[in-house]
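Colleague: Given next are the chains, with one letter for each unit.
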Amino acid sequence: MPNKKQMYDKGKVVIGLCILVALMTFPFWYNLGKAAPAPEPKLSEKAKAAKECVMPKAYMTSGHMQLLNEWRDTVVRDAKRIYTNPSGKKFNMSLSNTCLDCHVEKAEFCDKCHNYASVTPYCWDCHIDPKEAK
Amino acid sequence: MKSSRRRFLKIAGISALGLGAKPVLDVMASSSETAAPKTAKGENVLTAKRWALVIDTRKLQSEEDLDPMIEICDKIHNVPKFENKNHEIKWLWAEEFKHEFPMQEPDFLNDRLKHMSFLTLCNHCEKAPCVRVCPTKATFKREDGIVLMDFHRCIGCRFCMAACPYGSRSFNFRDPRPFIKETNPDFPTRTKGVVEKCNFCAERLAVGKLPACVEASNGALTFGDLDDPESEVRAVLRSNYTIRRKPALGTGPSVFYIV
Amino acid sequence: MLEKALTGTKKYYGWIAALLAVIGVGFACYLWQFQFGLGITGMSRDVSWGFYIAQFTFLVGVAASAVMVVLPYYLHNYKAFGRITILGEFLAVASVTMCILFIFVDLGQPIRVVNVLLHPTPNSILFWDMIVLNGYLLLNIVIGWKVLEAERNNVAPAGWLKPLIYLSIPWAVSIHTVTAYLYCGLPGRGFWLTAILAPRFLSSAFAAGPALLILLCMIVRKLTKFDPGKEQIQSLAKVVAYAISVNVFFFLCEVFVVFYSNIPEHVDHLKYLFVGLHGHGVLVPWMWASMIFMVVSIILLVNPVTRKNETVLVVACIAVFIGTWIDKGLGLISGGFVPNPLHHVNEYVPTLPEVLIGLGIWAIGFLVLTALFKIAVTIKEEVAGLA
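Chains as they are written, first to last, in numbering that gives the first Met the number 0: chain H, 0 to 133; chain P, 0 to 258; chain S, 0 to 386.
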């Protein structure tokens, strides 16, 4: 055993590490300066007219998934379907029939951002976009 | 449960801010109490301690008599039709006496019963084996006795299908959507890989409607609260001889048959 | 120690490559299943569990059987088994790995598997199965690895291992008991609804596992310089002999109860398996073959003259393994689902992609087994100064 700490096959190891680092960071180099602009979800006329959503816009933007998660548990497991928001307005907790009734353009409203963020929520495996059903 | 945990965490977080924040909280307390969103049942909701169904088979002679009920059930619940028998999905369907009541068949069954079709569906058992075996509580018992499925939570292990002594459960062996003739947008379809079954029309009860099969039965089906001595089902049970499927197993089916 | 698995002869690499090829094919089929759903299998509304769950059940037994070398060595100080406990433990690791994979590929929604942890449900036996299987895997990895390491360094195993080893003994029994409870607690499934199912599982496990271990010991002896030992193999052979006898006895108890009581809900399943029901009997030849394999193996194993002849012993062990595999890996699950609760007879036959996925998992198991045995045997050779 050598006394000093030394690296075997130093040259090969260093070249290997360089290749690894280059490969790992490739997507960053490749896309440098080409970032797609964040999409702006398009509100339907009906949604614009309604002015406010179930909860304030900031909350809905960041927390709609938590809200929907709570809704689905409340509806399915607690058999409660009516949601009263802080300003006292009542809603039927339904993705297809309440959310999409106002946000009629699923492609423009939901998919645009989800595609940009590269998330594929499985809501639509079961829940129906009423527009598509017709 | 989940939302209460979240509420607890919120309260815990606020408390962690320390006593310095207390005066601020006092000011906010009155307004925030009214501001919390609330959830509730609908105003017309039909409630019971234990929903039950009584099927008067004397009024349902042929398979044609059952068809309207089966059709409406399949239609409103987006039940697909598969060519491949292995992949079949069934919520409400017809069986002969010897299959509906195996081991309960007398040797010399009268001709009417022998050749007639019986409505078959989930029994919403009092002590449901499917609820007992589910590893995620995706199948659970509601406080009104309905054995319900949470399709969001089902992992597709199919333990419930092995546990059900009535063959009431179906599994989505593939995406059902291409096999639904006409989609009802008010009710979700299912996705591949989850189990499903009759839900006693929980979605209709929530808005004050009776199950679709009961509505389409021309009075052959009676639906009501088994726990209420004044209910219509109890009246029907008092005045008729009824049988249930596989009573010896102790599951306590909530579906009764007048034969 | 892991590096020992990375060097070997051309034959060793060839074997690994062959396993990887089978795994590749299985994985490709699994991707198809992941995309399409479980509809690519032969399972149905009536037979809702099939080949995957059957393999899982059989392999839990193989895993549990490690206790048959661990128990005599650690509890009764039977020194001879000290040479091969590590092989038993590593066989358990490979088997439990396969078990977990077989459950995973059977799930309709595999990406939601963590729901079992997010919504723990103690009234479900599957919840306990998850705990005992993962616990057993961990126990055997830790025990096997640390004991082997100690052997390599020529020191006594660490003191804290002892309680873990003792714990692993009842734990082994628990994995197969809990697995039997998956089935035998279900109302309306007459074939499984029997208190003797867990004992039957254990007896067939203690036959199949050690039989496989004997075969593996002989392969190790042939391919390496490490000899697991004649005495060890003979002792294991006695374990197999009596476990398979008990297994057949338990089965006959079942047959008596079912046919003497003559309760149709119990009779029909056995009839389906052994003579066919309403013209359906795809498993009939298999079940009789299974019975013949088991009976022949009893004759060969109980008789000392044939047992001590190692060529005959190999034949007997293969017969035990195939016989118990058919019994559990084919008959047990299908037999429970046919006829269905409404007394319709809808048979089940696995499809090609289903079998290929299953073979892929077996190959993963053998890959794990090969690597672990390679490590263990190399170290044994080193310690004995043979390398």
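Hints are computed from structural coordinates only; laboratory data are not their basis. Honestly, I wouldn't trust all of these hints.
As the list claims (entries may be wrong) - Simulated pairs of lysine-lysine, DSSO-like, Cα-Cα distance not exceeding 30 angstroms: (1) Lys56(H) - Lys37(P); (2) Lys245(P) - Lys126(P); (3) Lys3(S) - Lys145(S); (4) Lys105(H) - Lys245(P); (5) Lys40(P) - Lys58(P); (6) Lys80(P) - Lys89(H); (7) Lys40(P) - Lys79(H).
Stated by the list, open to error - Far from chain H by the CB rule (all over 12 angstroms, computed), these chain P residues: (8) Gly41; (9) Lys58; (10) Asn77; (11) Ala93; (12) Glu95; (13) Met102; (14) Asp174; (15) Arg176; (16) Phe186; (17) Glu202; (18) Ala205; (19) Val206.
Said to hold, decoys possible - Here are some chain S residues the structure puts well away from chain P; computed CB gaps all over 12 angstroms: (20) Ile22; (21) Asp45; (22) Ala370.
Here the structure is a predicted model, which means the values were calculated and not measured. The beta carbon of each residue, even a glycine, is placed where N, CA and C say it ideally should be.
Colleague: It remains to establish, for every hint, whether it holds in the given structure.
Modeller: Status of each hint after checking the structure:
no.: 1; hint: Lys56(H) - Lys37(P); result: holds, 18 angstroms
no.: 2; hint: Lys245(P) - Lys126(P); result: holds, 13 angstroms
no.: 3; hint: Lys3(S) - Lys145(S); result: holds, 16 angstroms
no.: 4; hint: Lys105(H) - Lys245(P); result: violated, 48 angstroms
no.: 5; hint: Lys40(P) - Lys58(P); result: violated, 35 angstroms
no.: 6; hint: Lys80(P) - Lys89(H); result: violated, 37 angstroms
no.: 7; hint: Lys40(P) - Lys79(H); result: holds, 4 angstroms
no.: 8; hint: Gly41; result: violated, 5 angstroms
no.: 9; hint: Lys58; result: holds, 31 angstroms
no.: 10; hint: Asn77; result: violated, 8 angstroms
no.: 11; hint: Ala93; result: holds, 27 angstroms
no.: 12; hint: Glu95; result: holds, 33 angstroms
no.: 13; hint: Met102; result: holds, 35 angstroms
no.: 14; hint: Asp174; result: violated, 8 angstroms
no.: 15; hint: Arg176; result: violated, 9 angstroms
no.: 16; hint: Phe186; result: violated, 8 angstroms
no.: 17; hint: Glu202; result: violated, 9 angstroms
no.: 18; hint: Ala205; result: violated, 5 angstroms
no.: 19; hint: Val206; result: violated, 8 angstroms
no.: 20; hint: Ile22; result: holds, 23 angstroms
no.: 21; hint: Asp45; result: violated, 7 angstroms
no.: 22; hint: Ala370; result: holds, 30 angstroms
In summary, the numbered hints that this structure violates are 4, 5, 6, 8, 10, 14, 15, 16, 17, 18, 19, 21.
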